[in-house]
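> Could you build the full structure based on these sequences and the hints that come with them?
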Amino acid sequence: MIRILLFLSLLYGHLYAWEKKSTLQVYRELLTSLAGSDTVKIYTADPELHSIFARSHEIKIVNVPEASDIIIVSNENAYERLHDVLQRNKQILVFATDYHLLKDHAGIIGALYWKKGRSQLLFIDSRLKEHHIELPQEYRPFIVESL
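In full-length UniProt numbering, the protein residues as written are 1 to 147.
Quick caveat, the hints were computed from the structure, so don't treat them as lab data. Keep in mind that a hint or two might mislead.
[What the hints assert, rightly or not] Derived DSSO-like pairs: lysine-lysine, alpha-carbon spacing no greater than 30 Å straight-line:
(1) Lys115 - Lys103
(2) Lys90 - Lys60
(3) Lys115 - Lys60
(4) Lys90 - Lys103
(5) Lys41 - Lys90
(6) Lys129 - Lys103
(7) Lys41 - Lys129
As structure tokens, this is what we get:
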């Protein structure tokens, strides 16, 4: 019985590590495409994203939003706290991890979120155009006119 529990806990640990690596790979490709650069400076208050990005050479976490290329928000409070920064720095891109944030805030260009256990990716065409962003062909199916 102890061997089974030990095996299951090791398996869970490996699956969790694989999931983080997979998530990092998705974000790395996505964020470097948005920034149009091989390295991108990210600001986020989300501790889970911090732990995922900590292992990346291409994604650098910055401590102040003004120093970032892209801000990633995970909830309404995080977005509201950044209101003044975003008013002063219109060139900073804002990306979300929640569908409702994307739907409710015109300043957010896209979102990568989970729905029914599956990842979902959406971009709003007019918001991308506002920032003069042309995404690679592989992301075009995820661009919508409106929500």
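> With reference to the structure, classify each hint as holding or not holding.
Here is how each hint holds up against the structure:
{"no.": "1", "hint": "Lys115 - Lys103", "verdict": "holds, 15 Å"}
{"no.": "2", "hint": "Lys90 - Lys60", "verdict": "holds, 20 Å"}
{"no.": "3", "hint": "Lys115 - Lys60", "verdict": "holds, 27 Å"}
{"no.": "4", "hint": "Lys90 - Lys103", "verdict": "holds, 19 Å"}
{"no.": "5", "hint": "Lys41 - Lys90", "verdict": "holds, 16 Å"}
{"no.": "6", "hint": "Lys129 - Lys103", "verdict": "holds, 17 Å"}
{"no.": "7", "hint": "Lys41 - Lys129", "verdict": "holds, 21 Å"}
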